[in-house]
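Novice: Residue numbers for the sequence shown follow my numbering, so the first one is 1 and each next one is one higher.
Some hints here could point you the wrong way.
Taking lysine-lysine pairs in the BS3-like style, the calculated list, with each CA pair at most 27 Å apart, reads [said to hold, decoys possible]:
| id | residue 1 | residue 2 |
| --- | --- | --- |
| 1 | K50 | K89 |
| 2 | K109 | K29 |
| 3 | K89 | K44 |
| 4 | K19 | K44 |
| 5 | K43 | K89 |
| 6 | K10 | K50 |
| 7 | K44 | K95 |
| 8 | K109 | K10 |
| 9 | K43 | K10 |
| 10 | K19 | K89 |
These are calculated hints, taken from the structure and not from any lab test.
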Amino acid sequence: MVDRVRRPAKHTDTLSYLKDHVGVFASFKDIMVFAAALGFSRKKSVAFDKSSEPIPLSVFRGEYDEAFMNVLALFEHQDSGYLEPQGDKFDAKIKLFEEYACGGLDIIKSTIIDPGLDAQSAIISLILDEQAEHTIIDDITALGA
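Let's have the full structure, built from the sequences with the hints guiding it.
Specialist: Laid out in structure tokens, this is it:
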């Protein structure tokens with residue numbers, strides 16, 4: 001059973017920059033959750049093999065972290081088996097989260113960091129743009145469509 005969330009090695013510098021230099025995020029966990037949401041919203045999931053130091057899964061026990069991972073898996077697979085707390089589908093759910101996070105980190109790096117934008121302002125603008133396009137309520141109600 002998976003007990004850690006892998007951080008993509010190719011984004012070690014991106015993660016450190018966002019956490020330590022920009023100060024928008026308090027932890028690597030927070031960055032990964034935001035990046036996974038961005039990757040999911042933009043339909044960008046990126047598989048990776050090389051991982052930097054993983055984050056213990058127990059760190060993702062906040063009020064929304066586990067629920068967010070569950071919603072990702074449900075949107076992707078429409079199978080309640082991914083809600084189980086262990087087993088192959090649980091492991092696949094964590095991998096799905098990791099891959100959407102990697103996709104989101106790709107977006108952040110290419111649209112904010114590489115062009116040298118002010119990361120704090122650009123991330124706030126990114127959040128506002130995503131919010132303006134649709135809301136989570138829109139996403140949830142679309143499940144029944």
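Novice: Confirm or reject each hint.
Specialist: Consistency of the hints with the structure:
Taking the CA atoms of K50 and K89, the gap is about 22 Å. The hint holds against a cut of 27 Å. Among the hinted pairs, K109 with K29 is consistent with the structure: their alpha-carbon atoms are about 17 Å apart, no more than 27 Å. This hinted pair checks out: K89 and K44 have alpha carbons roughly 21 Å apart, not beyond 27 Å. Between K19 and K44 the CA atoms are separated by roughly 22 Å; this keeps the pair inside 27 Å, and the hint holds.
Simply put, K43 and K89 have alpha-carbon atoms about 21 Å apart, close enough for the 27 Å limit, and the pair holds. Between K10 and K50 the alpha-carbon distance is near 8 Å, which keeps this suggested pair within the 27 Å criterion. With a C-alpha separation of about 14 Å, the suggested pair K44 and K95 falls inside the 27 Å cut-off, and the hint holds. For the hint linking K109 to K10, the alpha-carbon distance of about 11 Å falls within 27 Å, and the restraint holds.
For a cut-off of 27 Å, the pair hint linking K43 to K10 stands: about 20 Å separates their Cα positions. With a C-alpha separation of about 31 Å, the suggested pair K19 and K89 falls outside the 27 Å cut-off, and the hint is violated.
Of the numbered hints listed earlier, the single one contradicted by the structure is hint 10.
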